[in-house]
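Novice: Below, each chain spelled out in residue letters.
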Amino acid sequence: MIRFIPRERTPVWLTVAVPVGAGLVALLLTSIPLMLAGAPVLEALVLMAKGAAGNGFALAETLTRATPLIFTGLAAAVAFRAKLWNIGAEGQLYAGALATVAVGAGLIEAPAYVLVPLVLIAAALAGAALLLVPVLFKTRFGADEVVVTLLMNFIVLLFVQMMLEGPMKDEMGMGWPQSAPVLDEATLPKLVMGLRLHWGLVLAVLAASGLHVFINRTVWGFRIRAVGENARAARYAGLPVGKAMALVGLISGGLAGLAGASEVAGLKGYLTSDLSPGFGYAGIVVATLANLSPLGVIPSAIFIAGVFVGADSMSRAIGVSNYLADLVVAFSLLSVLVGGLLTRFRIRFVRRETA
Amino acid sequence: MWDAFDILLQANFWAATIRIATPLIFGVLGALLCERAGVLNLGIEGIFVAGAMSGWLAVYLGLPLWGGVLMAALVGALFGLIHGVLTVPLGLSQHVTGIGVTLLATSVAYFGYRVAFPNVGTPPRIEPFPPLDVPVLGDLPFIGTILSQQSAFTVLAFICVGLVAFVLARTPLGLAIRAVGDNPEAVEAQGLSVVGLRIGAVMAGSALMALGGAFLTLSAFNAFYFGMINGRGWVCIALTVFASWRPGKALIGALLFGALDAYQLRLQTITGGAVPSQIFLMLPYIFSIAALVLVARRADYPRALMKPYFKGQR
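Protein chains in written order, with this note's numbering: chain A, 1 to 355; chain B, 1001 to 1314.
Take the hints with a grain of salt, since some may be wrong.
As the list claims (entries may be wrong) - Which residues of chain B face chain A? A few of them, derived with a C-beta cut under 7 Å, are:
(1) V1096
(2) G1100
(3) F1111
(4) F1142
(5) T1145
(6) S1148
(7) G1227
(8) M1228
(9) G1231
(10) G1273
(11) L1283
(12) Y1285
(13) L1292
(14) V1293
Source of the hints: derived by calculation from the structure; they are not laboratory data.
Glycine included, C-beta positions come from ideal geometry on N, C-alpha and C.
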């Protein structure tokens, strides 16, 4: 039988090898449904890789797609570190996007160096405030945050649709349910002329570095990790568990809100109710692939973004449905979970013991 | 104003209540079976999608309606097996694994549908379950109207409530399932397999969840649509806490939710656009959260819920 022996410490090479291996296993597993669909497996996978990183344009597109995923990945990573199961990044993203157009689409007129920070702060606050509700429900009433955050995603999306059909509808929008465009002064500039890549990516990388320092090098970061390791022990040790949870909620919701700001102010320019194709949920996969490390979130978000961009391009070329990307993402999550056992345990095959 | 009360007197309202509640009855029964054995199954949302798609596809490809029901249950059990193996013997996080199973089951269903129907404008249809034809009762004025809008699939849901309640409360198997969710050490001491019981319960529960999805494509509608589940699975997880893990209360919770949903749909037409429709559409989700928050303090969670069990380890 198989025995799991807990590791004292994890070798560094394993922490890199496991997510990379999980990605490869996911691609392998995905070839099964591809084969069943009667598609040319190798060609599809090669086309996906080319579509994701085959040339400068493809790579820029992948990085553009990775930008919101870094934010939502960080949101999940910091929350899961404290065992706060925030599955509501999708809703918090929309809250941030809504705040972005509320502030940035004409309410305030100011130069860019005032308006851009203002928009970002508003978006982060909106996302944070939204997550504070389930956190309070959890700490005050003991209500499971998973279900509450999940259900709130649907409520927020309906609220966004209501605003876009009502008070925030663009009168110049030809009747489409979309918001007025954000002002030029509220727009995140493009990084390279002619590409869609924008300053949101820089902000995302800065956020990842900031979170890395915060979690690993500050007192509150230590408290958050302690609460995640063992909330009961943390409470006995006199740590402020409730405050730590609230802080995690603010950071996690704020980061998810920034994902919305970055998409609206950096890429789309206005808000529609199909802004996010599930960036919030994909953030959970990104964070898990990164083993909840803020810096690891960057490569892992680029990988997941590449899968989506590559699958779109492959689908256009040979007509295999781009839902293939969702399959790869789901397989990646499950494989890295299983692979994670290797980093936490040594696995020994022993002869069955007689009881 | 009277219109708002008048809704409650319409047979159509009560018929819709039962129709909306039916998939939730399956879902809550499935979720409570998993959780009674100590495993939270957040794969439910995806398993609903997979059940809806596979049951429908099986019938579309020529199986009889009940064959489609069976197919959905088998597909549900298969995803249950995945969730069970990953969370029980391997002890992985039930939260994240469940989300993973939801992502997997949803993408398998969507990808499979796109492969089977690459470019169709309108979704292909099947001949769904016919309305019930009950002798005597069906001829009664009010009750007859309600019954004539239900199908045999709904009857199956009510049978499942009784069945799950009986098995859990009155059989040695039910006792073992309840024990494995409360005190796995005691089960092990009895010489029973914790792993086997838990995986079995998760598979059975997942099969029930898939039936909830299949009801939508085989009885409530006659086609498969993307996004048709739309959070119904998550609602079931909330209702499970509300029902304190009891099949009888699960039925009441699902019916209450169905009544609220049916009521808001009718209220929308009465208010005639004075209130944005999205406000009404939010109500069921708000209701679910409120129900969860209200009962959370005194909720009697299965004691070993989300606690992986490893043999010979405390």
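Novice: Can you verify the interface hint for V1293/B: is its Cβ closer than 7 Å to any Cβ in chain A?
Specialist: Hint on V1293/B: holds, closest Cβ of chain A at ~5 Å, below 7 Å.
Novice: So, F1111/B near chain A? Judge it on the closest CB pair being under 7 Å.
Specialist: holds (4 Å)
Novice: A closest beta-carbon separation below 7 Å is what the hint needs, so does Y1285/B meet it against chain A?
Specialist: holds (5 Å)
Novice: Against chain A, with CB atoms and a cut of 7 Å, does the hint on G1273/B hold up?
Specialist: Nearest chain A Cβ about 11 Å off; hint violated.
Novice: Restraint: G1100/B near chain A, CB-CB cut 7 Å. Satisfied or not?
Specialist: Status holds, d = 4 Å.
Novice: Identify whether the interface hint at L1292/B stands, where standing means a beta carbon of chain A within less than 7 Å of its own.
Specialist: holds (5 Å)
Novice: Does the interface hint hold: is G1227/B within less than 7 Å of chain A, judged Cβ to Cβ?
Specialist: Violated: closest Cβ of chain A sits about 11 Å from G1227/B, beyond 7 Å.
Novice: Using Cβ atoms only, decide whether F1142/B comes closer than 7 Å to chain A, and label the hint accordingly.
Specialist: Violated, about 34 Å.
Novice: V1096/B was flagged as interface toward chain A. Is the shortest Cβ-Cβ separation under 7 Å?
Specialist: Nearest chain A Cβ about 6 Å off; hint holds.
Novice: Closer than 7 Å between Cβ atoms is the bar; does S1148/B clear it against chain A? Give me holds or violated.
Specialist: violated (32 Å)
Novice: Going by Cβ atoms only, is L1283/B closer than 7 Å to chain A?
Specialist: Violated - the Cβ of L1283/B stays beyond 7 Å from chain A, reaching only about 10 Å at its closest.
Novice: Should the hint that G1231/B touches chain A count as held when the rule is a Cβ pair under 7 Å?
Specialist: It holds, given that the least Cβ distance between G1231/B and chain A is near 5 Å, below 7 Å.
When held up to the earlier numbered hints, the structure conflicts with 4, 5, 6, 7, 8, 10 and 11 and fits the remainder.
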